[in-house]
Amino acid sequence: MKSGGVDGVTLRGGGRADESIRAMKPDLAFAVDACIDAAGREWEVVWQKKLLDAAKFGRAFLDLVDPRPFVTMGQTLKVLNAIRYYEIGIPMTYQQYTLLSPDQLLTRLTSRSLHLLALRIANYLSLKPDPILKHWACAKIAQTRPGGGLGTAGGSGESDEAVARGIIEKFEAMGAGAGSAGVSYAEIAKKAWESGRTGLATMLLDHETRAAEQVPLLLGMREDGRALEKAVDSGDTDLVYQVLLNLHKRLPLGDFFKLIEDGGPKVAPASKLLQLYARDQNREMLRDFFYSDDRRVDSGLLLLEEASTQEDISARFNSTKAAQKFFSEDRERGFEARMVEESARLLALQQTLEKDVDGKAPFVGLSVSDTIMLCIQCGLSKRAERMRGEWKVSDRQYWWLKLRALTEMKAWDELDAFSKSKKSPIGYEPFVRHLVSKGYGKQAGVYVARCDPAKRGELYLSCGEYRAAGREFKEKGDAAGLS
Amino acid sequence: MTILDHIRKHTAAGDKHIYTLILTPRTSTLISQVLEEEGVLGEITILPYNLQFIPLEDDVISLEHENAFKEIWLDGDETALYNSAQALLTLQRLYGLFPRILGKGEHAERLARLLIRLNSQQITTPGLPVSQGVSEKIDSLIIVERRADMVTPMLTQLTYEGLIDELVGVSNTYVELPANIVSPPSQANTSEIQQNLLASYELNTQLTHLEDLVAEGADRRTILRMMVLASVVSGGIKVKQLESLKRVFLQTYGYELLPTLLSLESLQLLQSNPLPPSQAHLPSMKLPFTALRKQLRLLIEESEGGTDAMPNDISYVYSGYAPLSIRLVQCVAQMNAVLASFNASDSGKGKGKGKDVSQASEMPKMNAHPIVGWKGFEDVINTIPGPTIDITQTGIESKAQGPSLFPKEQSTTTVVFFLGGCTFTEITAIRWMAKRTRGRRFMIATTGVVSGNSLIESLLPAAKPKTAKVAGGSS
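So the protein sequences, as listed, match chains A and B.
The first sequence begins at 1 in our numbering and counts up by one.
The second sequence begins at 1001 in our numbering and counts up by one.
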């Protein structure tokens, strides 16, 4: 489309060009756009250039001009010229190109295996090279199959390493692959694996950074150890569970455990997660796992846990004894073994005690201290004394238990008698303080006299015995206390 | 009723419903598996709801991930780590890369590395810009892992909110008041034991007092906290004493707590000194507490700490003990405060005891200094077990060269992330830091708000259905 304005602009020669430009000032913008558009529709490079030069010249005289149409057209023409070149042979018009879009053009070039051109164009237009690279990589894999590729007569048989290296280098050079959201090594690896080149697939997969893509393929390739490792590396616990569940379904239990064991410290997190899962969903498996790994303490703990949920006393007793056996098998767990033995013994005793009181008091499930206190409260003081010896309860501990139990029973005479039975290993201040805290200030007063003289004033106060307190303070000349 | 119960009930009654299960922050393979095994997977639509940080206050955001501490350190389940990384990633997408990532501890390092890796994978979420530039609003991310400082949470919190958490328990910013709020259950007074343990004063005596408290029937969580405190601060307890203490504990509170004691042992929070041969070769998490106490001035004399109204050091939140975790944050973001406490005690020595309180003046408000990592404190920091993290991130369009300098008028934000939980007192201490610093704000991010009780509770066995009541009760 040639208008007078265009004619005017394409004229050369200094002054006359200036005049012409000034003459068409109001239409200049339109004229520039028209030149650009016309250039796009020209097939001969000579004319493309002339028209763009004209547009450039005219632009200089405009105040506000959007550079984009000019730049875009330049790019477009470069691309069109390239594909129209006889070796490529795509006679595409400007209109077709605009309708098709550069992306689609790239797809077409790619499917014709014109990878280099496509990549260059993509780079030039700042489009993502990923789909092109993916296609190229897959083609390379097919072509370089040892012993000849599909459709290529005597195709080069490259080793897996060479191919992998080639692909990786290319990807990294083009800024795709690891880290980009476009093509994934996983997809290429899958293609390699499907072509039976497992070695190549593994090498490529190693470069895949997104575990969520990497792991399922590794599982499909039966690279179980690696799948587990990569899942653990990713820090994504859900992915680890996926792998574990998959392997558990597929492998016999022994192999499954061995796989985890062989993985060593690197897959230790997976082992932990498996234990968590098994604890909730599959106790049997957990038991087997601990057993196969010689984890005595864990086996023991599992039994203790079971014991705590068992209603039937004899079942509970048996589980506890079994737990004790596990603990005693570990030389460093002597203390724990003793404690578990004590707990079994306690259970047996508590059963007897419940029979003694005709089931009127619930002994089973209480701690040693609580059992002793309940004995005292039920009038089974001989039993309580016996327990004290059998469980090696210290004097201090026992006196506190007696104090608490008798207070609960409001057995003041008995408490008094007990307090005098011998010199209290805990002193008498605890008597005062405990009785006061339970609201028995009056009873507490009796014991203050046996306390440390320095503290008596304050103790009487806490009992509400003001007169006695006053006396104490006066005797000491404690003015502050008196007030 | 469980989800399954609901569905089965409806099916039995012939009701048709549309079931949608929303899991947060993401869907779970395990859950799908269980539902599949139960035969109901086909009837349910499972959707993820990516709820990350929840603002609890203007300056506190929390993942509200309960039991993160137990999951990470006892169970070895790093889900909380992964979720934390995703949440921090979102912060980066919104505000730009953290120019500097600092931290201390093995899991803090894993978190940092995970964050960097996830970021480089540019996993795009529709709707959020993929920001590759370094942040202009945030100057650094400081990751503090709970395990690095287990002393602080074991102490009784003395701030207002902290005390409420101790007595009643704050959950998701809500408090459920028990019926007997007027006369709450009596708390064993362990403040003397705590102070003495912190000062490494007569450990044996404190342990004997502790046994007495056990005999009195104190709350078992309190006893466990004190046991942990004693072990961590002293680097372990002598075998005989530890066994005696554990025995009394089990006899009083029940043998079913044996697993809890073993858990504490495996966490290296309740250790014998020396360690049994099988554990001697394991990597140690022992804190060199006495050295740290001196080098970081963790114990501040009353005369040096300012007044209640105008405290001049973070130690006011524990009446004279500066939380180790916060001292670490100060090393990075408020160096003058750590150094000032050195000077205070030096000058205090010259003047002798009984220093007039009014002379300990309030620490003047200082301008925020640029973040230079652990500079000046490397030696001290490296004595704490676990790797030390100091990573600089440069985005694609990096503008800053070297330490980020900013004009005085502009204020920056320092994000402090507590992996495993933080206490109310630690929040208060950081707020104090913010008030004393011109030009720097602090954003406290955490997996959750914890207390000594909540941490210990996560290690206790599940509550027994039947409990017997006896004199005083010893649960």
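The set of hints was computed from the structure by calculation and includes no laboratory data.
Check before you lean on any hint, since a few could be wrong.
[Claimed, not checked] The calculated lysine-lysine pairs, modelled on DSSO-like cross-linking and capped at a C-alpha distance of 27 Å, are:
hint, chain 1, residue 1, chain 2, residue 2
1, A, Lys410, A, Lys438
2, A, Lys272, B, Lys1240
3, A, Lys442, A, Lys476
4, B, Lys1375, B, Lys1365
5, A, Lys230, B, Lys1070
6, A, Lys272, B, Lys1286
7, B, Lys1070, B, Lys1294
8, A, Lys140, A, Lys128
9, A, Lys355, A, Lys321
10, B, Lys1070, A, Lys266
11, A, Lys249, A, Lys190
12, A, Lys410, A, Lys476
13, A, Lys422, A, Lys455
14, B, Lys1238, A, Lys392
15, A, Lys442, A, Lys474
16, B, Lys1286, A, Lys266
17, A, Lys420, A, Lys438
18, A, Lys321, B, Lys1240
19, B, Lys1070, B, Lys1286
20, A, Lys325, B, Lys1009
21, A, Lys392, B, Lys1294
22, A, Lys423, A, Lys455
[Claimed, not checked] Here chain A is said to cover these stretches of chain B; the calculated rule only asks that three of the stretch's residues, wherever they fall, bring their Cβ under 8 Å from a Cβ of chain A:
hint, region
23, 1249–1260
24, 1276–1285
[Claimed, not checked] Which residues of chain B face chain A? A few of them, derived with a C-beta cut under 10 Å, are:
hint, residue
25, His1065
26, Tyr1082
27, Leu1114
All residues carry an ideal CB built from backbone N, CA and C; glycine is no exception.
Exercise. Taking 10 Å as the limit, does the beta-carbon of B:Leu1114 come near enough to a beta-carbon in chain A?
Worked result: Check passed: Cβ of B:Leu1114 comes within 5 Å of chain A, closer than 10 Å.
Hint check: A:Lys422 vs A:Lys455, CA-CA at most 27 Å. Holds or violated? With a Cα-Cα distance of about 22 Å, the restraint between A:Lys422 and A:Lys455 holds, given a limit of 27 Å.
Is A:Lys321 within 27 Å of B:Lys1240, Cα to Cα?
holds (25 Å)
Between A:Lys230 and B:Lys1070, is the straight-line Cα distance small enough, at 27 Å or below? holds (25 Å)
Open item on the list: Please verify whether A:Lys249 and A:Lys190 have alpha carbons no more than 27 Å apart.
Closed with: Roughly 23 Å separates the two Cα atoms, so the pair holds.
Does the structure keep A:Lys423 and A:Lys455 at a Cα separation of 27 Å or less? Status holds; Cα separation ~18 Å.
task: Measure nothing beyond the straight line between the CA atoms of B:Lys1070 and B:Lys1286; if it is 27 Å or shorter, mark the hint as holding.
output: holds (18 Å)
| field | Given pair status - A:Lys266, B:Lys1070, alpha carbons within 27 Å | value | holds (21 Å)
*For the pair supplied as a hint, A:Lys272 and B:Lys1286, is the alpha-carbon distance within the 27 Å limit?*
holds (23 Å)
**Report entry** Straight-line alpha-carbon gap B:Lys1375 to B:Lys1365, limit 27 Å
**Finding:** holds (22 Å)
Handout entry: Minimum beta-carbon distance criterion (10 Å), B:Tyr1082 to chain A
Key = holds (5 Å)
Measure nothing beyond the straight line between the CA atoms of B:Lys1238 and A:Lys392; if it is 27 Å or shorter, mark the hint as holding. At roughly 20 Å apart (the allowed maximum being 27 Å), A:Lys392 and B:Lys1238 satisfy the hint.
Hints 2, 7, 12, 20, 21 and 25 from the list above are not met by this structure, while the remaining hints are.
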